[in-house]
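2 protein chains.
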Amino acid sequence: MDENPTKTNQSAHLALDIGGTLIKMVYLSSDDNCSPDSQVKVSQEESNEISDGLMKCHTGKGTLHFLKFETSKIDDCLEFISSNQLCSHGDLPDKKQPSAHDRKLIKATGGGAFKFADLFMERLGITLDKVDEMDCLVAGANSLLKANNQEAFTYMNGHKEYLQIDHNDMYPYLLVNIGSGVSMIKVEGDEKFERVSGTSVGGGTFWGLGKLLTNCKSFDELLKLSHVGNNRVIDMLVGDIYGGLDYSKIGLSSTTIASSFGKAISENKELEDYKPEDMARSLLRMISNNIGQISYLNALRFGLKRIFFGGFFIRGHEFTMDTISVAVDFWSKGEAKAMFLRHEGFLGALGAYTSYQKEGSGESMSHQLVEQLSNGVQCTGENQRLLPAEIKSQGK
Amino acid sequence: MDENPTKTNQSAHLALDIGGTLIKMVYLSSDDNCSPDSQVKVSQEESNEISDGLMKCHTGKGTLHFLKFETSKIDDCLEFISSNQLCSHGDLPDKKQPSAHDRKLIKATGGGAFKFADLFMERLGITLDKVDEMDCLVAGANSLLKANNQEAFTYMNGHKEYLQIDHNDMYPYLLVNIGSGVSMIKVEGDEKFERVSGTSVGGGTFWGLGKLLTNCKSFDELLKLSHVGNNRVIDMLVGDIYGGLDYSKIGLSSTTIASSFGKAISENKELEDYKPEDMARSLLRMISNNIGQISYLNALRFGLKRIFFGGFFIRGHEFTMDTISVAVDFWSKGEAKAMFLRHEGFLGALGAYTSYQKEGSGESMSHQLVEQLSNGVQCTGENQRLLPAEIKSQGK
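In order, the protein sequence lines correspond to chains Z and L. For what it's worth, the numbering used here labels the leading residue of the first sequence as 1, then goes sequentially. For what it's worth, the numbering used here labels the leading residue of the second sequence as 1, then goes sequentially.
Looking at chain Z on its own, in the form it has when it is part of the complex (with noise of 0.2 Å):
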């Protein structure tokens, strides 16, 4: 499927995970102030709605950025591109400027890669050098796990833990990638992997769902009104259908969620009726429960003992890992943890980047540049917060 043009400038610089709800953008630019010790930072800028996340990470190679663009905008992405001259490799200290007859290949994963292919040469004459989206993702986790000790941890009950995973030991585990829909793939090897499952039901669903209830205008919003609402306003609990009493026989306690917003059937109201907020954190939990419940079920399946939860739909927000750490919890009675990864959001399209590598043409900057990268951040003097929820967008 993927093109093979005879003369190419591969833009090692570039890679992409073009998704169906967000376009995932990964890109080093060269740095005048960036020495092989200089430190990391986290840059924090103002938001539009270009891109509302981006980070920034200075690493002895140059800049290593992080972006994130509505798909439904695409145009904003191929201006960025265009503007900033991303698929020139004059930012690149060691590569020439290439010709304008040159073929540009941009090393591009998931969906977007194909159905927006003509869309890149026409408008920029980039060709998408397509890569398969689960080869991506497993890639991009293995990189991460590898590269950085403190790049897994647990979350549960608003405390935050880093695991050491030992490289020697990390395979087999499951790794779950929440975009619009849920991938979950059995991962025993550096390039031995299966697509095992997955659901429909993910974050399209909850920002789909979400913004026709509460006409929310983004998905971050959406999560921001999650965190202060209550779900029990319109979820049916165990305790509503039993009176006030827990369903002891079976380990059901009174604040179990029965039924996810059964209690919108049996009052006489409808949608106005309800806080928009109650709504988004009912959504959150059914959707965060239900993928954790799958996720377990499909562990338990292949005899998997790690489950790594990714993808942009978590954005290191506390309550969803919160709920998807109870869900692991609750099915596996304590056997089972879900683990989050700091760099969630970006497996694909890191995945994406590090690819150029094996075709040699990354020159291996590609793999030491991931290593820096963690490595860096780790450096950075994080504090409790999560690093995903520091990440601020960047005006354009």
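Keep in mind that the hints were calculated from the coordinates and are not lab data. Each hint should be verified, as a subset may be incorrect.
Note that the list lumps identical chains together, so a pair holds whenever it fits in one copy or between two copies.
Here are the simulated DSSO-like cross-link-like pairs (lysine-lysine), alpha carbons at most 30 Å apart as the crow flies [said to hold, decoys possible]: (1) Lys333 / Lys305; (2) Lys337 / Lys224; (3) Lys333 / Lys160; (4) Lys160 / Lys224.
This structure is a prediction, so every number in the text was calculated from the model and none was measured.
With chain Z's structure known, arrange chain L on it following the hints.
The following block gives chain L in isolation, referenced to the frame of chain Z:
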């Protein structure tokens, strides 16, 4: 937890299953026109807002009625019991009238047996004799599966097929009861079972979310609406992400739903821009598919080859059964089949009904009745339409 008063009159002709959304009632009335060899007839009467589902079955012992009421309209249920004197024994030929001072006991299951115990006592002087919900579901399913060769069937691609269940080889199986929430029970014998899983995404979620999205006034209205909708308008398909292509490497066709309600995010539309029927269908498909998937994963976990689906969510609705069947088929790669029960919605109520027999107070009448009911219904010359779809409502 159950009360055991010393002086009681067991109303062996009435049992209730009071769930979070619906009250299911089974009761026996005497029938002067009834002889031991009388044919069963399923009456179809006018609907009203109290009870939109009634089936009457005339047997040699009398007429067995199946009704449902909305739990939120429990007053109608109380009124119905009172005005039809269902808690007196006068209509059972072999019982004498209880004195005014006798305690009246009714077998009742579901959370409402706890929640509404005081209400039944205050209003009707009735003590609800609580029977465990899981006990009742399993007893109801086992009784039906043993009593009737045409109780269980598969349904896929518009094709219905009855299953011959060997009564000596019917265990183990997974019973999935889809009420407001969903219970999944591993059944290994007559009284040997365990609730192994469940999900809060059930019938209450369909109705609750559906009501908020569409303003439908009843579950059945929402179900009918879903029948004419097109979920592709609002679900994000694999082809929507991959530019119309399959993601064939991992076996996902372009028409596979990647993200339920995922299209609602990328378009500049609000709730009122979507047709209620399209949202209803997307919702039904999301929930049915999710239940099918989680059920299969649990069946796999415990090595259960058979999965029976019951509960009032299904209501003989062909699209619902089809979606559940396709989900089980998809995730099991054809290894497992979803099976449905003709008396799907009344498993708990029938289980409560048969519990009279256990205590000897029903003089084994209950079991015989279930047998007669099942065989009788089989003898009515049912056509290709499913029985539950034929059940019409009762005029008050």
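Item to complete: Check each numbered hint from earlier against the structure, then list the numbers of those it violates in ascending order.
Response: none
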